[in-house]
Amino acid sequence: GAVVSQHPSRVICKSGTSVKIECRSLDFQATTMFWYRQFPKQSLMLMATSNEGSKATYEQGVEKDKFLINHASLTLSTLTVTSAHPEDSSFYICSARVLAGVADTQYFGPGTRLTVL
Amino acid sequence: QKEVEQNSGPLSVPEGAIASLNCTYSDRGSQSFFWYRQYSGKSPELIMFIYSNGDKEDGRFTAQLNKASQYVSLLIRDSQPSDSATYLCAVNENDMRFGAGTRLTVKP
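Sequence order for the protein chains is G and E.
If you read the first sequence in the working numbering, its first letter stands for residue 1, the second for the next number, and so on.
If you read the second sequence in the working numbering, its first letter stands for residue 118, the second for the next number, and so on.
Simulated from the structure, these hints should not be mistaken for lab results.
Don't take each hint at face value.
Claimed, not checked - From the structure, some residues in chain E lie toward chain G, with a derived Cβ separation under 8 Å: (1) SER149; (2) PRO161; (3) PHE166; (4) ALA217.
The C-beta atom is built at its ideal place from N, Cα and C for all residues, glycine as well.
Given the sequences, and given the hints that come with them, work out the whole structure.
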């Protein structure tokens, strides 16, 4: 399957700082990437859809000014958590859409575990 | 009504048994259906996708799709302790929608 990487895999930061997470498609071009958040023992929650060269589409209840998404190239999308607070501590996972005939599939990156102190 | 529904479990089966995971969806126009496996602390991993009615087999895994009943399932034969994970059903409508997942435990 297609390979998606994320960096960093784990980050610990102080409250009030900003954290940038990178999501890369390694062996294919991804015009659309997705950002999810997952709290412990809970299901995936879609935060936003990132389209190359255009503004991201955010899900209801997700603050676009707090979670800045940039998809400047066909292989890279970034999520910046601005002025992070302890309640932002979570597992952030990106995925990339792959169009393969009838099947429009998503492949996930390995995730970034954010801890805000 | 949730778009994609799964029994949250936990589902517990003995090693060697068949594990049956079920999923229903609300949008009749959905075209493709996916099963992901997520180990604790890890991101989801694609296991299978299916888009035609009937069965699709891949090793110990069989996906079953019934569009008339809006139902998709995943069977895991000869279950192993390493199959213990949360299994996510996903349905591609205009965007991919995920179920909340079913936690499977395979006991040795």
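Item to complete: Run the structure past the numbered hints and jot down the numbers of the failing ones, going up.
Response: none
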